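Undergrad: The listed protein sequences derive, respectively, from chains X and Y.
So that you can map any letter, position 235 of the first sequence is 235 in this note's numbering, and since no number is skipped, the others follow by simple counting.
Here this note's numbering = 1-based position in the second sequence + 1000.
One or more of the hints may lead you astray.
Here are the simulated EDC-like pairs of lysine to aspartate or glutamate, each with C-alpha atoms no more than 16 Å apart in a straight line [to be verified]:
| no. | chain 1 | residue 1 | chain 2 | residue 2 |
| --- | --- | --- | --- | --- |
| 1 | Y | Lys1548 | X | Glu168 |
| 2 | Y | Lys1775 | Y | Asp1792 |
| 3 | Y | Lys1467 | X | Glu294 |
So the derived list for chain X, only partly shown, Cβ under 7 Å to chain Y, looks like this [said to hold, decoys possible]:
| no. | residue |
| --- | --- |
| 4 | Val113 |
| 5 | Ser133 |
| 6 | Ile134 |
| 7 | Asp142 |
| 8 | Asp155 |
| 9 | Glu168 |
| 10 | Asp172 |
| 11 | Arg195 |
| 12 | Met230 |
| 13 | Lys234 |
| 14 | Val249 |
| 15 | Leu251 |
| 16 | Phe253 |
| 17 | Tyr257 |
| 18 | Glu262 |
Covered, in the sense of this in silico footprint (three residues per stretch, anywhere, with C-beta under 8 Å from a C-beta of chain X), are these stretches of chain Y [unchecked claim]:
| no. | stretch |
| --- | --- |
| 19 | 1028–1040 |
| 20 | 1518–1524 |
| 21 | 1597–1611 |
| 22 | 1624–1638 |
| 23 | 1732–1744 |
Don't read these hints as lab results, they were simulated from the structure.
Predicted model, so just to flag it, every value in this text is computed and none were measured.
Glycine is no exception: its CB is placed at the ideal position from the N, C-alpha and C atoms.
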Amino acid sequence: MEDPYTAQHLLVEAEALRRDVEDAKLGSEAAAEAFRIRFLGQRSGSVTTLFKRIPELPPSARRQAGITLNSLRKRVQERLLAARSSLEARRTSPEQRIDLTLPGRRQREAGSVHPLTHVLRSITGIFERLGFSIEDGPEIEDDWHNFTALNFPPDHPARDMQDTLFLEASGDVMLRTHTSPVQIRSMLTGKPPFRIIAPGRVYRNETITYKSYCLFHQVEGLVVDEDITMADLKHALYMFAGAFFGSDVRLRFRPSYFPFTEPSAELDVWWDLSGGGRWMEILGSGMVHPNVLESVGIDPERYSGYAFGMGVERLAMLQYGIEDIRILYENDIRFLSQF
Amino acid sequence: MKISSHWLRDYIDHPLGSAELSHALTMCGLEVECELVQSAAVEGVRIGHILRVVHHPNAERLTLCQVDLGEGAPVQIVCGAPDVAAGLKVAVATAGTTLRPPGGPVRIRRSRIRGEVSTGMICAEDELGLTDDHSSILVLDPDAEPGEPFADYLCRAGASIQETILDIAITPNRPDATCHIGVARDISALCNVPLRKPGVKVPRAGGETAKRLKVSIECPEKCRRYAGMLVEGVTVGDSPLWLKQRLRAIGLRSANNVVDITNFVLHECGQPLHAFDFDKIADSTVIVREAFPGESLITLDGKTRALEPGTVLVCDGRRPVAIGGIMGGLNSEVTGSTTNVLIESAFFDPSSVRQSVRALGLGTDASYRFERGVDADGQAWAAARAAALMASLAGGTVVEGMADAHPNPIVAPTVTLRHARIARILGTSVAPAEVERILTALGFALTDTGSGSWQCRVPSYRPDVTKEIDLIEEVARINGLDSIPMPHATRLPGTVPESRPDDLLRAKVYGLLSGRGYREVYTNSLLSETDAVQFCLPALAAKGPVVKTANAVSRSMTTLRPSLLPGVLQVMSHNQNHGQEVLRFYEFGHVFHRVAEGAPYVPGFSEHAALIIAVSGPPGPPEWGAKTRQADIFDLKGDVETLLEALNVFGIRTEPSPESTPLMHNFAVIYSDDVEIGRIAALDEAVTAARDIRLPVFFAELNWSRLVRHAGVHTTRRYRPISRHPAVTRDISVVVDHTVSAGQMMDTIRATEQKLLQSVSVFDLYTGKEIGETKKSLAFSLRFGAQRTLRDVEVDTAIQVIIGALQTRHGAKLRGPATTHKVIP
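Given only the sequences and the hints, what does the whole structure look like? Please build it.
TA: Laid out in structure tokens, this is it:
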């Protein structure tokens, strides 16, 4: 009767095979194929055969045997690969030999779209999916469109909420302080129902600091129809915030004041910060004030509506973690290339 | 505006903790921006009775005090304050106490000072964290009990040990909430607990006061009411601790008892008051009038204020003594020697005060409230409240009656509120009883009409409420916006909104230009005037003078951009200076100029959207196997042409312009059919050098608004059948004079053979000695095809006709025979 096959047998045989592997000459394609069959052939390759004997070993020795044989098989494969690529190189001309690890030619780097555009388009995209259409208006406005028609009384502290940049040689012409005049222009040129958003640049006469710039961008919204209520407003804003910040966003709808809406409300989102968090105001809104509807000839008894406005820079800074507003207008390529 | 939670408790017993209070106020429209906790250091502080004071044997400025702490034997305390005296009751920090003076915490120990034992410390107000006063030790009431914990004493005196200060952002529509009673009134409505207003006996107009003080108003539009009360025989001095502490909590410094009382009443009920030294009021007369031209007044802060005509002045028989609603004059100030006080309680018109505040650049706690509109009916109450406090805290006697000029009373409006309208606006119904409760708690007087509506009389402190919608807002904010339900679904509009061509085209620009290596930028619309004027040329987009601002904050931002070029140049310069070589940018933005007529929006001003595309430096970073080179104007032109093609802008033509400008050379106008849509140019080197840009800059600026109107966005595309027959390409090479333009030659080729020619392109341009110094060679590739197989003779004939036309029109000479390639479909 044969002795039981032991780990020692296997290791000795493996060692002998390793020497055979190293000594084999692989000068031709045929020699390489014969080498493969001799050692790794499915049926009687000598390494394969040793693998098949592992189950005969005592369980405690099988792991070590596996490791040894795997390393042997790997060595066979390495020799094969080296032989084949050197045979391949002999067959092809130098021009055909290429190094596919060289970087590809791009001719030019990919350009980029400004982060404010990304945020603006994501806001308008959400509202377009909610059935809003996009409108725009001029950045130079007159007092009537920017203030009076929006129910800002003359000489009222509400006008102090927005530092206005007036234009020279013109009593009541200014750079618009908000996109709300687009509401007025749209309502004057059409008939209800209205369901619009108006993105655009607005101006404030402020010193430039890390948190304020002399201009910024807003997206204005306006819906006017029969039977529009504050519940519709809340619904639209919560749907927007869920789409923009993610459905798990925490929101707070808080009473506020704007001359052109009543009741007015601001929407705050909860922002997690290290060591706690805080509420961040993201937009102002409200039911369109009857005086505003009257100023554009719409009957406030028949129609009601809501309006809202949000700052694009603020949302971009929240979303991307930007702390200094000025970097948005510096246009450093190292910044732009991140978007 | 700061509100002290401790002070609020004078007017309301509410059940809210400090975090709940902040939340409740925020959610009813009084946004609490931050909370600050202030606390006194009273642990271990006890009341002491100074029995004996002797000089410290070893120090001139120190004293040894024997102090009874209620423990039997008195203890010895070394004291440095000059005003300690036997018999005083004081606050003593016993050994082991930690005090918090402004310089940082100090732990009191039993120690020896210059050889004498000291067991504790006699405290000043700031050391106890009560006020910022360190001028003297805190002297307590004579009947205070030695040994009693100081905390208990404070409670009895109405002072606070710990309190929360709320900083509230007051919206302009809430003048009523600029005081503690106003905030308490909202809490009263929110928590359904009663508001407690201090009881004050309000005198009738007339009486002794009216005999002693004459009041007249010469400008009743600007000053609707002026009420005056007199308090005689006051002793001006320190305010009691509780009063100092209240003012400190809201960020005010204590001055003296009389002035502190006027400030206290202002922050209690919102009515600004002013105290005059009545003996300095000439002729015992007050006249309210508008300032004359050239008048000035030295205000309480010691500054001379030049007054614009129309500013409201409070004057005595001879001279101005205060700027109405803003600040008192130094000439009639209450000082330590004042004994008779005139209390002014007036109603100044909001817009008049606002104009004066702006003209003077001077805003005060008083003007802040007048600008928003104070309680139209609150003057008498506030004056009487202050007079009563002066009597009790400054030892004065209130003179009976009141001098009251009230020429222009405001009648409180009555507003109708329909119950059904509340639900129509809010989208949720509020029970009639709850509507009544809320509005009544806020001070409205409701009468049920019996037909589903109320007549609501608006309280005099709510000038903002004039319409039904204002009442609905009051109900909404107290009822809470949280209670507005969220619909499960919403109605869709009847039509799918159309996308605007502008947005569709912009989307293409973003994709295409980014793909071609351009980076979008956002630059400032405001430039310095120099920059704006330099780039405001008819050759660019602008066709009129620049638009200047009237009140810019900085000289570098006074003028609106007439072109996007200056902004982009600044971006190029910035990035080049930060080591970037590939400078390829684009920007969308409005550009502005003045016009005489024809402006679509605001007369005299024109603006349109523009798109600039600019390059400088190599098209891309260096790469292996590719030559590095600098981009030139044809790289830019190719990108612009590709872009315009992608945007379906038809009939594109570029015409070199005969105009010359100091800004640029080689400048050409881009047309779509016959409409000018933009310019393309190389910038002059002097301009780039002035901005430290090292390499040439090329740019194209398009009138985006006009381009959008000419782009074929909504043109329905029709399929043209593809020929299944082979096309033929012939290349011809001709020599022409260097002045002949390729564009004209291509036009000639197209015009000559319109049937079979499918396309023409330039594939080579050559100049060299062998063809002559003033000549150039151009090689065209011509592609012919039809819905049938072309015969060679047809193509040969077409080529001959084309060559003939090029010869006659442009003096072209053929350089060699035409070569042919067949293109298999």
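Undergrad: When the structure is checked against the list of hints, which entries are broken? Sort them ascending.
TA: 2, 10, 14, 15, 23
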